[in-house]
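Peer 1: For reference, the chains in residue letters:
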Amino acid sequence: MSQFLTPALTGQIINLLAAVLLLLSFAMLAQRRILSLIDLFAAQGFVLTLSTAFVAWATGQTHLWWSAGLTFALKVLLLPWILHRLIRRLNVKWDVETLINIPTTMLFGLLLVILAFNLAQPVSALAGTITKGTLGIALAIVLLSFLMMITRSKAVPQVIGFLAMENSLFFAATAATYGMPMVVELGIALDVLVGVIILGVFFFQIRERFDSLDIRHLEKLKEE
Amino acid sequence: MSWEILAVLGIPLAGGVLLALFGHRRAAAELNVALSLATFVAAAALTARVVRDGPLFAFGEQFFVDSLNVFLVALTAFVSMTTSMFSRPYMRIEQEHGKLTEARLRLYHSMYQLFIFTMLLVLLTNNLGLLWVALEAATLTTVLLVSLYRTPASLEAAWKYFILCGVGIAQALFGTILLFMASQKLLGTGVEALLWTHLLGVRSQLEPTILSIAFVFLLVGYGTKVGLVPLHNWLPDAHAEGPTPVSAVLSGLLLNVALYALVRCKVLADGALGTDFAGQLMMGFGLLSVVVGAFFLARQRDIKRMFAYSSVEHMGLVTFAFGMGGPIASFAGLLHMTVHSLTKSAIFFTVGHAAQTAGTQMMDDIRGLARVSPTIGWGLMLGTLAILGLPPFGVFASEFLILTSAMRQQPWATPLLLISLGVAFAAVFRKVQPMVFGDTTAKPLPHRPALIPVFVHLALALMLGLYIPPYLAAWYREAAKLIG
Amino acid sequence: MLSEFSWAGASAQLTEILLAVLLAPLLLGWVNQCRAWLQNKSGPGVLRPYLMLRKLMAKDAVVAHGASPLFRTAPYIVFGCMVLAVAIVPTLGTDLPYAPAADAIALVGILALARVFISLAAMDIGTAFGTLGARREMMIGFLAEPALLIVLFTASLISQSTSLATTVETLSHRELAIYPSLAFAGVAFTMVSLAENARIPVDNPATHLELTMIHEAMVLEYSGRHLALIEWAASLKLFVYSCVGIALFFPFGIAQGGDAAGLLLALPTLAFKLAIGGFLLAVIETLSAKMRIFRAPEFLGTAFMLAVLALLLHALLET
Amino acid sequence: MSVTPLAAALAIAAAWLAIAAIGVCAPHALRFVAKVLYPLGALAGLALAATALVAISQPPDETVLPLGLPDLPFHFRIDALSAFFLLILGSVTAGVSVFAAGYLRPGEGTLPGVQCLWYHLFLASMALVLLANDAYAFMVTWETMAVSSFFLVTSDHRIAEIRRAGYLYLLIAHVGAIAILMCFGVLHGFGDYTFASIRQVELTPFWATVAFLLALFGFGAKAGIVPLHVWLPEAHPAAPSPVSALMSAVMLKTAIYGMLRVTFDLLHTQIWWWGVLALAIGLLTALFGVVFSAVQSDMKRLLAWSSIENIGFIVVGFGLGVTFAAYKMYGLAALALTAMLYHCLNHAYFKSLLFLATGAVLHATKERGLGKLGGLIHRMPWVAWLALVGALAIAGMPPLNGFVSEWLLLQAFLFTPNLPDSYLNMLVPVAAAAIALAAALSAYVMVKFYGVVFLGQPREEKLAQAHDAGILERIGLVWLAAGCVAFGVLPVQVITLLDFVTGPMLGTNLSKATGATHWLFLAPISAERASYSPALVLVGLAVLTGLAWLAVRRFYHGRVRRAPPWDCGYPLLNARMQDTAEGFGQPVRQVFEPFFRMTRELPSAFDAAPRYRVTVEDHLWYWCYLPVARLVDRLTGFVTLLQRGRISVYLLYSFGTLLVLLFLVR
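As they're listed, the protein sequences go chains A, G, Y and V.
Numbering follows our numbering, in which position 147 of the first sequence is assigned residue number 149; successive positions increment by one, without gaps.
Numbering follows our numbering, in which position 188 of the second sequence is assigned residue number 266; successive positions increment by one, without gaps.
Numbering follows our numbering, in which position 127 of the third sequence is assigned residue number 121; successive positions increment by one, without gaps.
Numbering follows our numbering, in which position 24 of the fourth sequence is assigned residue number 26; successive positions increment by one, without gaps.
These aren't lab readings, by the way, just hints derived from the structure by calculation.
Note that the coordinates shown come from a computational prediction; the quantities given were computed from them, not determined experimentally.
Here a beta-carbon is modelled for each residue, glycine too, at the ideal position from N, C-alpha and C.
It is possible that some hints are incorrect.
[As the list claims (entries may be wrong)] Straight-line C-alpha distance at most 25 Å; calculated SDA-like pairs for lysine to any residue:
(1) K284/Y <-> S36/Y
(2) K263/G <-> G13/A
(3) K222/A <-> A433/G
(4) K222/A <-> L637/V
(5) K53/Y <-> P566/V
(6) K263/G <-> P124/A
(7) K509/G <-> D380/G
(8) K368/V <-> A36/V
(9) K156/A <-> T106/A
(10) K509/G <-> P629/V
(11) K224/A <-> Y227/G
(12) K263/G <-> V185/A
(13) K156/A <-> R648/V
[Said to hold, decoys possible] Stretch by stretch, here's where chain A covers chain G in the computed footprint (C-beta under 8 Å, at least three residues):
(14) 244 to 252
(15) 255 to 266
(16) 283 to 290
Start from the sequences, fold in the hints, and give me the full structure.
Peer 2: Printed below as a string of C-alpha cells:
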C-alpha cells in the first residue's frame, strides 16, 4: 500500500468507481441506440478494470492485476470489437425496441436498487474485504442487467444485457472476495467468450431464418 | 494420482478434439461409440476402486470421488455409451432423410464428446467454482446440438435455452461468490476455500445469513438447470427440438448432474443453517414441479415434448425426496434418479425411431407401431408403463419409498403427489396406447434400429424393481448418509 | 331329523301327496263352475278337468319341427316341481318327514324353477307367441317373487322359522288375536297368487287372444300328453298357492304331530276351506276385468308395498 | 419330504412364470403353446387347488424372499382366507386353461406365445397377490395383475373400442391401486409396511374410517362396485373368452379378498355404519348390474353386467357381516360371511362356465350380437346343455349352487330384526326384498340369454354350419358344470371348509355357533329354524319326474307326430318373427325407466329409410366421469398459461422467483 493512500481515501475512491458503474448501468438501461449501447458496455468494462486495478494496488493482491488485465483485454477490447463487427455484418443499426417504455423501466430500476441495498446490507457487514460496502451496488447492477434483458425485444440488446450481468458478477466477486481463484476466473472468461461466439453464430442463423432479429418471432413453441 | 480419473476425463476431451477433426468421415459414429465405451470402462474401473477402498482424492484435492458422485459417474458413462450406440443408426437414417449434412455431423460428434466431458467434470471436481464453469460449459456444448436441424423451431428453442440457462447459471455464480465469501473467513483466501471437502468440514461454523442468501441464488441457478417449475420453460422446447440422442442425454443425464450440484450445496446449507430451510424450499419446488408437470401432460401433441414434461415431473419428485431428507427418502431419491435416467433414455430411443418411422413427432399421426416393427412398439409400451410408475419396474419401487416416507414425514403432501401421478398416468397413456396399438400403413425403417440398448435399460429397470443387489443397496445407503 | 323317521309320518306324507295330486283338478273345476254360476251360465261341470286330462292323454303329441329335447322334457320337469312343492306344503298335517328338506325360500325357488322351464320351452319353438308369452311370464315372475318372499318373511318372523311346518304349528297355537301384519300380508298374498296363477286381473286363463294371453301363449305349442301334464301342473300350482294361503292365514284344523284322528278330521276342514277359497276366487274373477299388461307392474307394486308394510307393522307393533 | 403348503403355492406361481417365459420364447408355435403349455398351466392350477385344500385347515405359515426392496423384502403368508381364494383360483384355472388349450385359433389378436406370456403372468400375479404379506409385495403383484390383464384385454388391439376399453380399464385399476397405497399408508401408523406390524397398530376411529373408505374405494374400483364399474362392461367383452372368464371369476374376487383382508384382518375394530354403507352400495350395484344386463344385446356384455350384479350380491353379504361384527353378534356375522364367501365360489364357477360357453359360440358362429344367434341347441348340444346348467345356477334355481348362497344370505337377513338399532331393524328387511328382486331379475336375464342364443330358430343362415366344441373345450366346460352341481348338492361339506376361513376372522364360525349339523341337511342356525337339503330336493325332483314319465308311458303311449308350428293363419312364418334381445329387454326398460339414459331415434313419415333405434347408456358415465375429465382439462388449460412462448415472460418468472425467495430469506 503506497504511503499517501489513507484507508478513508481508498474507500471513497472505490465507492466513487462503484457509483460510476451504477450510473453506467442505468445509462445502458435507458439507451435507445445499439452502437452507443456497445460503447457504454465498453465503458462499463473500463471502469470495472479501473476498480479492480485500484483494489489490486490498494491491497497488494497480485492475482488481481492479472484479472484486471484479463478484464481489460476481454471486456473493453475484444467483446466490443466482435459486437461492432457483427452489427456491421448484420447491418442492424436501427434503434433498440423495448417492451415497456423507458420511464417505467427506470422506475423499476430504482425500486430494484433500493431492494438490493437493504438486502445486501447484512451480508456486506460480514464481508472481510475493504470493498464490502460496494456489494450492495454489485447486487443492484446484477438485478438491473436482469431487468434490461427482460424488457428488450431485440436479440442484440438482450445479449448485451447478458454480458452486462457477467460484468456485474465479476465486480461482485472483487467486491466480496477480492476475486475468485485464478483458475475459476479463467474458466468464467472462457465461458463468456465462447458464449459470445455462439451467440454470434445464432445471430446469423436467426437473421437467415426470420430475416429480422426481433425476438417476437421466437414465440411459436407454446401450449394452447 | 489415480489413472482412472485422468482416463475418465481425458478420453472424452481427447475424443471431442479428435472428432472435431475427423467428425465428417463415415467412421465417425463408430469412433464415437468406441470413445464412449472406453470412457465407460474407465468409469467402471474408477467405481470398482472407490467401492473397494473408499473416497479418493486427485490433483491435490482438485478432484474428489466419494460414493455419491461415483455412482452418477458410472450411470452417466453407461447411458452416454448406450446413447452413442443408438445414435449411430439414427443419425445415418437422419442423414439419408436429408436433414443433416456432413459438417453438422462433425459438429454433433465432437460436441457430444465434449458434453460428456463437461458432465463428468461437474461430477468429479471438488472446486465449486470449477463445478459452475463446467455446468456453464455443458450448456454451451448442448446449445449448438439443440439447433442442429436449423429449423425455426429448433433455433427458437436453442435461443431460449441459452438465454434462460445463461441467466439462471449467472445467479448460481453469484451464489458461489457469496459461498466463497463466507468460507474465506475460515479457510483463508486461497483456492482451498472453494473446495467442497474443506467446506464440508467447516460447514457448521459458516455464517448462516450469508449461506441462506447464497443457497437461494444457488437454488434458482441450478434449479433452472434441473427444470423446477417456475424456471422450467426452456426444458420442453430444448428437449423436443434437438435430435433424439441429444434429448435422451439431456433428459437422462444433464438434469441429474444439475440436481447433484444442488444437493452438494444443500448439504452445506443444512450444516450452516441448522434448520430445515433448504429442505423445505426444495420440497416446495419439488411438489410444485410434480403437480404442474403432471397437468402439463394432458394437452400435449408432440411426443418428445410430452416426455420432456414427464422429466420435469420426475425431477420434481426427486427434488421433493431430497428435500424431505432422512436415509430412506435420500435412498429413494438416488434410486429414482438412476431408474428415471435408464427408463427415460430408453423411451427416447424408441421415440426417436418411432418419429422416423412415422415421419412426424405429432402423436396423432403415429399409429400401429407394434405392427410396423414390434421391437419399437413393445419397447415404447413397456418404457411408458415403466416411466408411469407401474410396478414390476424400478420407478414404482422408488415412488413407493418416496410416497411411504412422505406419508410418514409430510402426510399433507401425499394426496397431491398421488393425484398428480394419477393424472400423469391418464394423460400419457391415453396418447401412447393408440400409437403402439392399432393399424398403420407406415413402412419399416431402412436400417435395422439398434434397440438392444432399449431392452438392456428396461431389463435393468425391471431388475431394480424386483431385486436390488445388496452391494448396490449398501452403496446407495452410504451415499444417502452423505446427503443426510 | 331323519333319525326319527317314522313309517306313520311317511305314510301320512304319501297320502297327502296323492290326495293333492288327485284333488287339484277338482279345485280348478269347482272354481270354473262357480264362475259360470255367477255369470248365470250352467257351466261345464266340476269334473270337466278330469275328462279333459283323460282326453289329452289319449291323443298323439304333435311336436313342432324345430323343437329340441328340452321342449319334450319340460312338461315332466314342471309337473315334478309342482308335486315336490305340494310335498313341502303342510296341507293336512304338519308331521312331514320331507319338510326339513326344503323351507319357504326353497318353495319359492322350486316354483321359480318351474316358471323358468316353462318359459324356456316356450322359446324353444321360436314363434312370436312363445317368446311373447315367455317375456311376459318372466316379467310377472320377477315382480311377484320379491312380494311373495316378503310375505313369507313376515310369517317366518312371527314364527321365528322359515320352515312351513313349524310356522303352521306356532301360528295355530296362538290365541285368536288379530295380527294387522298378517292381514296386510294376506291381501298381498292373494294379489300375488292371482298374478302367479294367471287369474283374471293379470291374465285370463281361458283366453286365446294373442295380445292378452301370458300363460296360454307359452303352452300354445303343447298338445296331447304334454299339454295334459302342463294343465295338471297349473291346477297343482293353484292348489299349492291356496294351501300355502290356508297354512299361513287360516291354520286352524291342520293336524298337529302324527295323530291319525287329527288327520281324518283335517281332510273335511281342508275341503271346506278350499271350497270357500274357490268360490271367493270366482267372485274376484267375475267382479274384475283383465288389466293391460303394463298395468301389472303397478298391481304387483302395490302387492309389494302391502307386504313391506306388513313387515314394518310386525317390527313396529308386535315385537 | 414335507413341503409346506406355502412353499408349494410359491413353487406353483413360479411354475406359471416359467411357462410364461417358455411361451414368449416360442411366440409363433401355436400347436406347442396350445397343446403343451396351457394343459401344463391347468395341471399347475389343479395342484394349487390341492395345496389350498391342505393349507385351509392348517395354521398360517410365513416366509420371506430376498427379492423386493433392501429393507422391505417380499413377505409371503398363507392362512385360511388366502387358501380359500387360492382354491377358487386353482380350480377355476384348471377348467379354463383346459378350455383355452382347445380354444386357441391362429391369426387372432397377438401371437399365441405372447398371449401365453400375459395369461400365465396374470395367473402367477393373482396367486402372489393372495399370498402377499407386506404392502410392497401386495402393490407390486396387484398392479402386475392389472398390467398383464390389460395386455390380455387388448390382445385384439386393431379394433378402436377394444383399445378404448383397455385404456379405461387400466386407468381405473391404477386409480384404485393409488387409493389402496394410501390406505396402506394410513394403516401402517409408524411401524414398517409388513402386514404383521400393521396388525399391531391401534388406529383411532377416525383414521380407521379413513382407511376403510380408501380400501372400499380402491378394492371397489377393481371389483366394479357401482360408481366405479364403467370399465367392467367394456373390458370383459373385449378380452378373449377364457381371459374374460378368469377376470370375472377370479380377478374380481381378489378385490373382495383385499376388502376382507383390510377390514377383518388389518383393522381390528369395525364401526356399524361401515356395514350399512357397504350394504347400500352392494344393493345399488346388484340392482344396477342386473337391470343393465337385462337390456344388453351383446352376450358378453350381458354376462359382464351380470358379474357386476353378483359382486353387488357379495358386497351386500360383506356389509351385513361387518354390521353384525360391529354389534359383537359374531355368530350371525359368521353366517353372513359364509354366505358371501360361498357366493364368491359359486360365481367363480357358473360365470366362467357361461363365459366359456359364449367363447365356444363365438368361435362356432363368429358372432357376438344376440340379434344374430338362435337355435344353436341343435348344432351345439354339448355347449347348450352345459350352458343350461350354468344359466340355472346363476338364476339361483334350487338344486344348483346359486340357490344355496342366496338362501344363506336371505337367512342372514332374517336375523337383522334383533339388531339393537331400530332403523336397521326396519330398513334391512326391505334390503332383503331388493336382493330377492335382483335374484328374480337374474332369472329373467338368464332366460333371455339362454332362450335367444340356444333356443328358437337360427336368425342367420350361417348358423347352420356351427360346429360343437372340441374335446378339450368340453372337458373344461364339464369340469366347471360339475363344480356347479357339486357345490349345489353338498353345501354342508363346503361350509365346513368355510368355517376354517371365518373362524380366525371373527373368533367363531358357523358350526361352532350352531352345534352339530347333519351331513345331509344344511341348518345353519337350528333344525326347527330353517333347514334345506339340496340332495333330497334333487332326488325328489328326479324321482317325481321319472315316475311321471314312466306312468304316462305305461298307462298311455309315447307316440309323437311332427308338424309345422301354429302360425295363427299367417303363412310366411320366418326366424325374424322371434323376439330379439332388445325386445326381450323391453319390459325391464319399461319398469326400470329411471336407471337408464335412453335416447330414441324415431322415424318420421318423410324418411326415405325409416329407422328406429334406441341407445341405452349409463347415467353415471355422464354424472361422474365426464365432469372429472372436464375438470382436469380446465386445470390443464389453466396450467398451460405458464408456457405461452414469450421469452421475456419466462425471464420474468425467473426474476420473480428470485425476488420472492430473497424476500422470504430476509
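Peer 1: Does the structure break any of the earlier hints, and which numbers would those be?
Peer 2: none
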